[in-house]
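Line by line, the protein sequences give chains A, B and C.
With this note's numbering, letter number 69 in the first sequence gets 76, and the count goes up by one each step, no holes.
With this note's numbering, letter number 236 in the second sequence gets 243, and the count goes up by one each step, no holes.
With this note's numbering, letter number 61 in the third sequence gets 68, and the count goes up by one each step, no holes.
Calculated from the structure, these hints are not laboratory results.
None of these values were measured; they are calculated from a predicted model.
It is possible that part of the hints are untrue.
Copies of the same chain look alike in the list, so a pair counts if it works inside one copy or between any two.
Lysine-lysine pairs mimicking DSS-like chemistry, simulated, CA-CA at most 27 Å apart [unchecked claim]: (1) Lys-224 to Lys-254; (2) Lys-80 to Lys-131; (3) Lys-145 to Lys-80; (4) Lys-224 to Lys-278; (5) Lys-145 to Lys-131; (6) Lys-145 to Lys-92; (7) Lys-318 to Lys-304; (8) Lys-224 to Lys-131; (9) Lys-78 to Lys-120.
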Amino acid sequence: MTGCRIRSLTWFGQLWEYETPKVIVVKNCHLGTIYRLLQLLIIVYFAWYVFVIQKGYQARETGPESAVITKVKGVSMSKAPRGTKKIWDVAEYVKPPEGGSIFTIITRTESTKLQTLGTCPESKSVIDALCVSSEDCKHGEMHVLGHGVQTGHCVSASHGSLKTCEIHAWCPLEDETVTSESLHEFVPSFTILIKNNIHFPQFGFSKSNIEDDNALKNCTYHPIRSPSCPIFTMDFIVKEAGINFTKIAYKGGIIGVIINWNCNLDLHPSKCRPQYSFRRLDLQNNISTGYNYRFAKYYNKNGREARTLIKVYGIRIDVIVHGQAGKFSLIPTIINLATALTSIGVGSVFCDWILLTFMNKNHMYSMRKYDQVKKKLPAL
Amino acid sequence: MTGCRIRSLTWFGQLWEYETPKVIVVKNCHLGTIYRLLQLLIIVYFAWYVFVIQKGYQARETGPESAVITKVKGVSMSKAPRGTKKIWDVAEYVKPPEGGSIFTIITRTESTKLQTLGTCPESKSVIDALCVSSEDCKHGEMHVLGHGVQTGHCVSASHGSLKTCEIHAWCPLEDETVTSESLHEFVPSFTILIKNNIHFPQFGFSKSNIEDDNALKNCTYHPIRSPSCPIFTMDFIVKEAGINFTKIAYKGGIIGVIINWNCNLDLHPSKCRPQYSFRRLDLQNNISTGYNYRFAKYYNKNGREARTLIKVYGIRIDVIVHGQAGKFSLIPTIINLATALTSIGVGSVFCDWILLTFMNKNHMYSMRKYDQVKKKLPAL
Amino acid sequence: MTGCRIRSLTWFGQLWEYETPKVIVVKNCHLGTIYRLLQLLIIVYFAWYVFVIQKGYQARETGPESAVITKVKGVSMSKAPRGTKKIWDVAEYVKPPEGGSIFTIITRTESTKLQTLGTCPESKSVIDALCVSSEDCKHGEMHVLGHGVQTGHCVSASHGSLKTCEIHAWCPLEDETVTSESLHEFVPSFTILIKNNIHFPQFGFSKSNIEDDNALKNCTYHPIRSPSCPIFTMDFIVKEAGINFTKIAYKGGIIGVIINWNCNLDLHPSKCRPQYSFRRLDLQNNISTGYNYRFAKYYNKNGREARTLIKVYGIRIDVIVHGQAGKFSLIPTIINLATALTSIGVGSVFCDWILLTFMNKNHMYSMRKYDQVKKKLPAL
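Turn these sequences into a full structure, and let the hints steer you where they fit.
Below, the structure is given as structure tokens:
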């Protein structure tokens, strides 16, 4: 007879309007309890999501201005097949050398020494260049995959009986006399210092990833033991990115060092610290895996220009900086509060709909809900 | 007497509140129909815009992490005025050579060969450097647009009777002995392979613009015939950007290759494909059009440092990656639903306002609307 | 007796619903006035913030596509300790030379000339390399901070009685024979031309920071006198960034030139002009301040490769482009209007709460508010 008297807060707007709260006599207490719990769940979830997770009370800024300086340390040695040793220091293996956010650590080279401009037979690997007589070669023509411009002669290719079209090119060609050098032996012990300074212009907040200069001298980064040390060994980076070092050193590849700043400026600035993560960025498991490019070193050889063409395989490091900052602000707080309340209303309606549709004892519930309707309809 | 009985949904909130829906007897059926249609239009438009166009039911992420590798193929030949031919391969004409997202394909050079440090007369084009006697030249002074630091002497400029101040500089000066070489002949047939790998950290979704390695070998990009082939000919890029090739090859310029990823992650990942577009990025139709820069190659000439100064005109390619991904998420769905409903309410009010203001038969309509007002006012 | 009759607009929603506005007889006129003023304040503030400051009636786009071309002009001279003068022109001191958005102007170099691959004693500064006998040196070992790979011999270091491990390296080492050259004298008068072209794809709007080519020839940027001239002197940039030029020229550093486009596309395009600002981006006030890197120039010395190792200190300029554009659009106008109205409602409730809680004369006020409650409750 005496049920649980609860006031329906079905639509939050009502509370704000100071209108008559509907009073519902629910004979079955369980129904009322379930209803209350469901609503509470929705309210708590929204409040928690919008204000705790999404920090709805904060003004936000993403995409900070960022400056990255990198510095690699370490020396390696390569042994050419003929036994000559070459020492590779930073000026040799870091390309480009400027210490920016994208740079390559060379792990292997294929050098073609002392090329000069002249004529020589096209490489046999260029299928279109194979010829029988000079009629197969057109003067002045160029194959996109070839190495030079045809002279119109058909000449014997080196090492074999095949003939190819003669070309104007940097001779000898790369395929013929290439020398491979690998410096992967010492690369894992190389260290990379990454200095990163960010600035959020909206909040006028700047921060660097180096907090204590003295601690910098002998540290290496470790996610647990020294998470604020921005010196990374190549070994660590490659392992964290889940890569087999030998393979990437041979074929080359790109590793992203992602620096993520997630700053809550309502706390002390020292709490705003970057998170580092590492991920392979180039394609994997297919033919075109790897990273390589060619460049040349130029010499003056008896008054003529000569060059050493170097095909470089290396580990390219892309330092990618992400960031967002939030700080309390009245306006987003009110706007989010309003949006959250409206959202809760939509959620509550859903709640009601379930009760009205699926519950057994919904007769009494819905009757009360529409009490006013009946009273007003006759007035029309 | 028997009009069209329609329930007013003027304010959606009302429905959610399960309050008495106002019942309006509209004698003129047309009015009611127009009213309904107007509301329907607003509701449909909003629902369509917010949920279909804006995909309001999805959590969104923009600005993916992106790695770009580029590789140019092709060989060209230039003829210097003296008849010497020079072969330009990738190592020669791609600067910087690292295969990053911004690189230049050289189309023309102006070389000043074998400069050494010494003294020579300033160029006549530097107006401030013209002199009559040594009194016009100040030792140690430098003109911003000049080529060196003045020695304090006034000497005869080459080729003519004019005198200019002598300067410490890299001599001979660029203006005097420049050799122009153009390699534009074969540039249109060059191909650029663009590998692009993106990653949306929030969704943990990675994708590459290369889907099938085997298809890569002999394809070139065409928007209809092979839209997934990431190999572009220079000819195609220049034409798509709406540029006259001869002009850009002579003066240089910057072309943006814009890769746009617009991924709906509710669909199969294979549906997420990049769109390519091409646009000229440097200034057009004015004096400062074009793109050029100077660099030097160094030689050791009899123990002294010598250099070849090269002014390079080229087509700079900027690969710009844009992207956004969306995936269904409950929270934005509810929040957008609530916002949309509120917006629809505002729209409906606008609807009502039109009806109440401009319609002929609005007497009955507004009377019913304010029915309750009259009944309650006396209660005060 | 006759108070101020004012209609309560407590919840804006009510007005939209055309329901009975509550009529409150406030005996004390001051209370009503305060209440009205408070509400007006909230409404005005929100309307002003959302629609004037935040431009809630506009569709917005951030992160425009941007292309930057830079061009440095000027010549400087350095004096090596031995008295030899070196002229530095653009091809010498701008690295990389391509004229991109990040480049370094060299201000000081430390050169180690004519290094060749060979063996020499390790530097004394590498503490681990100090030795007494050859037993202290392990063949094939490498120190991360060392200059080469150990041969296993312990030899006398140059200049002193100390012994260090012999190493395979580029000899002589950097520490021994370095030549310092400083070109800071003329650097402040260098000029940097920054061409920046942006494009907002959503609005199809492009703009350049160069409006009038003719004005470009003889201008230098000044925030008041010539704010549209994109030619900056180094002196100006360094001063605006609040830096002591002598210090940054000696140790190196990074300066950000921030170009901010804030375009209201509802106005004439000529109103959309970039703002320039300047800020030091590298770390300050600590040991690791500064910016330097090493690169090498290669020579062919009697058939063997020789190099000049150059440690470069310089001012790195990072041109950072920010931008946002807004244009009127119906949808965000309606959505923001709805959100603003909801927010105003929340604000008004706060208003009511203050009145109901803290005001002396709130008896009458709250009685009226809950008038309907009493009348409806008995009906249950």
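Hint check results:
1. Taking the shortest Cα distances, Lys-224 and Lys-254 sit within 27 Å of each other only across copies (23 Å), while inside one copy they are farther apart (31 Å).
2. Taking the shortest alpha-carbon separations for Lys-80 and Lys-131, only the inter-copy value of 18 Å comes in at or below 27 Å, while the best intra-copy value is 41 Å.
3. Taking identical chains as interchangeable, the C-alpha atoms of Lys-145 and Lys-80 lie at most 27 Å apart only when they sit on different chains, with a minimum of 20 Å there against 51 Å within one chain.
4. When the C-alpha separation of Lys-224 and Lys-278 is checked against a cutoff of 27 Å, the pair qualifies only within one copy, where the shortest distance is 23 Å, while the shortest distance between copies is 49 Å.
5. For a Cα distance limit of 27 Å, the shortest separation of Lys-145 from Lys-131 inside one copy, 17 Å, qualifies, whereas the shortest one across copies, 47 Å, does not.
6. When the C-alpha separation of Lys-145 and Lys-92 is checked against a cutoff of 27 Å, the pair qualifies only between copies, where the shortest distance is 17 Å, while the shortest distance within a copy is 44 Å.
7. For the identical chains of this complex, Lys-318 and Lys-304 are neighbours both inside a copy (11 Å) and across copies (18 Å), given an alpha-carbon limit of 27 Å.
8. In this assembly of identical chains, Lys-224 and Lys-131 lie within 27 Å of each other by CA distance solely across copies; the values are 18 Å between and 54 Å within a copy.
9. With identical chains, the CA atoms of Lys-78 and Lys-120 are at most 27 Å apart between copies only, with a shortest distance of 22 Å across copies and 30 Å within one.
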